[in-house]
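Q: Sequence:
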Amino acid sequence: MRNHTARPPTSMLEEFWAMKRVLQRLAGLIYCLPYASHGIMPIDYSKWKAIEVSDDEDDTHPNIDTPSLFRWRHQARLERMAEKKQKREEIEKNRTTSNNRIEACFFFDSIIPELEKKLQSTDIGADEKSKLEKELAEIKEQEAKWLAKEKELEEQERLEPWNVDTIGHEGFSYSRVNKVSEKKVEPPKLSDEEDSKRMTNFFDKNESLIQEYGKLSSLEDSEAFILEHPHLASEYTANYLTIDALNMAIDHKEEEMSNIARQCIVIQYLLELAKNMNAIPTNVNIIKAFFKKFRSADPQYLKLYTDEVAAFEDRLRRRAKEKRDAALAEYEAEEKEKRIAAAPGGLDPQEVYESLPEEMRAAFDSQDVSKLQEVALSMDREVFSYHFQRCIDSGLWVPNASSEEAEHSEQAEEGATTKT
1 MRNHTARPPT SMLEEFWAMK RVLQRLAGLI YCLPYASHGI MPIDYSKWKA IEVSDDEDDT
61 HPNIDTPSLF RWRHQARLER MAEKKQKREE IEKNRTTSNN RIEACFFFDS IIPELEKKLQ
121 STDIGADEKS KLEKELAEIK EQEAKWLAKE KELEEQERLE PWNVDTIGHE GFSYSRVNKV
181 SEKKVEPPKL SDEEDSKRMT NFFDKNESLI QEYGKLSSLE DSEAFILEHP HLASEYTANY
241 LTIDALNMAI DHKEEEMSNI ARQCIVIQYL LELAKNMNAI PTNVNIIKAF FKKFRSADPQ
301 YLKLYTDEVA AFEDRLRRRA KEKRDAALAE YEAEEKEKRI AAAPGGLDPQ EVYESLPEEM
361 RAAFDSQDVS KLQEVALSMD REVFSYHFQR CIDSGLWVPN ASSEEAEHSE QAEEGATTKT
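No gaps in the numbering here: position 13 of the sequence shown is 13 in full-length UniProt numbering, and each next residue is one more.
Derived by calculation from the structure, the hints in this document are not laboratory data. Quick caveat: nothing in here was measured; it's all calculated off a predicted structure. Beta carbons are placed, not taken as given, at the ideal position from N, Cα and C, and that holds for glycine. Among the clues, some could well be false.
[As the list claims (entries may be wrong)] Each pair of labels, with its calculated beta carbon distance range:
1) E207 - A148: 50 to 58 Å
2) G125 - E207: 31 to 39 Å
3) K85 - R198: 54 to 62 Å
4) E138 - D251: 37 to 45 Å
Using the sequences plus the hints, can you model the full thing?
A: Now the structure itself:
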């Protein structure tokens with residue numbers, strides 16, 4: 001008969017629980033294997049370890065009314081939540097303001113690149129450049145502050161324990177905004193000649209419509225007109241309006257020029273919005289969204305818009321002056337060529353007249369030959385002869401035009417000779 005020594009029950013119980021813990025760990029490893037092999041992490045239940053409940057504590061003093069204590073703690077928690085909610089709303093409000101400012105040209109999220117692009121332009125003066133640099137620095141600083149505040153608040157929310165007021169609330173939500181169905185397909189690059197032909201054809205077909213649009217003065221009328229004629233949302237329309245505004249500036253029609261310039265900038269902003277959304281600008285949904293954003297834009301952004309229009313008008317005025325000066329110079333050159341061609345000696349009569357001594361010029365202005373004779377007697381012979389010959393070569397004085405004039409001419413020349 002074998003003698004078996006019985007183990008104490010306590011040791012058996014400890015061994016049982018130790019074995020159970022080993023099996024639990026092994027089961028956990030086996031559970032994680034399929035997730036790890038597919039790069040998927042198991043569900044994290046750690047959030048459930050940090051739940052704040054005001055009525056599950058048993059550390060209250062016997063002399064303290066437990067229900068009242070729970071209510072106080074619950075109220076304090078609600079106040080903390082309200083304070084954090086207010087912080088979140090302030091940040092969201094600042095975010096909206098920043099977005100309205102940063103959403104420029106209704107390329108609303110690209111104002112910083114737009115300002116940087118303007119700073120690289122050679123057309124801006126020192127004052128405007130300094131102003132743009134200051135504006136860009138302010139926008140970047142504002143954006144950095146908002147990002148820091150948002151990050152801080154998100155970290156606080158992440159570390160905030162759940163409680164009875166939040167544990168049963170919506171854990172996550174999913175919303176979807178339908179994107180514009182018409183995606184912009186990049187057209188094949190055209191040669192300058194082909195693009196010029198297309199633009200000319202567009203002008204011929206839509207000239208009256210573009211001119212009508214250029215005369216509109218309100219956003220509502222502009223929106224209705226573009227929605228009725230969406231094909232006008234084109235780079236060619238902006239080109240036509242630019243040319244038309246320049247012609248008005250050349251003719252000194254300031255009011256018409258300013259109105260057309262504003263309408264041109266609106267079209268350019270619409271095109272920029274469509275470009276940033278990779279959408280077709282003629283899409284009516286894009287057009288509606290653009291004008292809706294334009295009407296509700298932040299005042300600071302509208303100031304950028306008005307500054308853009310003012311800068312465009314200044315460029316038009318400068319270009320108009322250059323055009324007028326060039327046209328005048330070309331006209332004067334043509335007239336000079338005509339005068340020289342008609343002159344018997346190949347001299348420009350206008351230049352000869354302007355180079356005459358004052359007394360000779362006065363004699364020619366009076367068209368009195370006797371005064372010219374007096375000038376011949378009083379002036380140095382060589383000087384008079386030099387200018388008189390230039391008058392003949394330029395056609396200001398036509399010798400032998402008549403017998404009487406020929407006689408006076410001879411007398412004038414003889415008078416100068418006699419004086420010598």
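Q: Look at each hint and say if it fits the structure.
A: Hint by hint, here is what the structure shows:
1. The hinted window of 50 to 58 Å between E207 and A148 holds, with their beta carbons roughly 53 Å apart.
2. For G125 paired with E207, a C-beta distance near 35 Å keeps the hint of 31 to 39 Å intact.
3. In this structure the supplied range 54 to 62 Å holds for K85 paired with R198, their Cβ-Cβ distance being about 56 Å.
4. Against the hinted window of 37 to 45 Å, the Cβ-Cβ separation of E138 and D251 comes to about 39 Å, which satisfies the hint.
No hint from the list above goes unmet by this structure.
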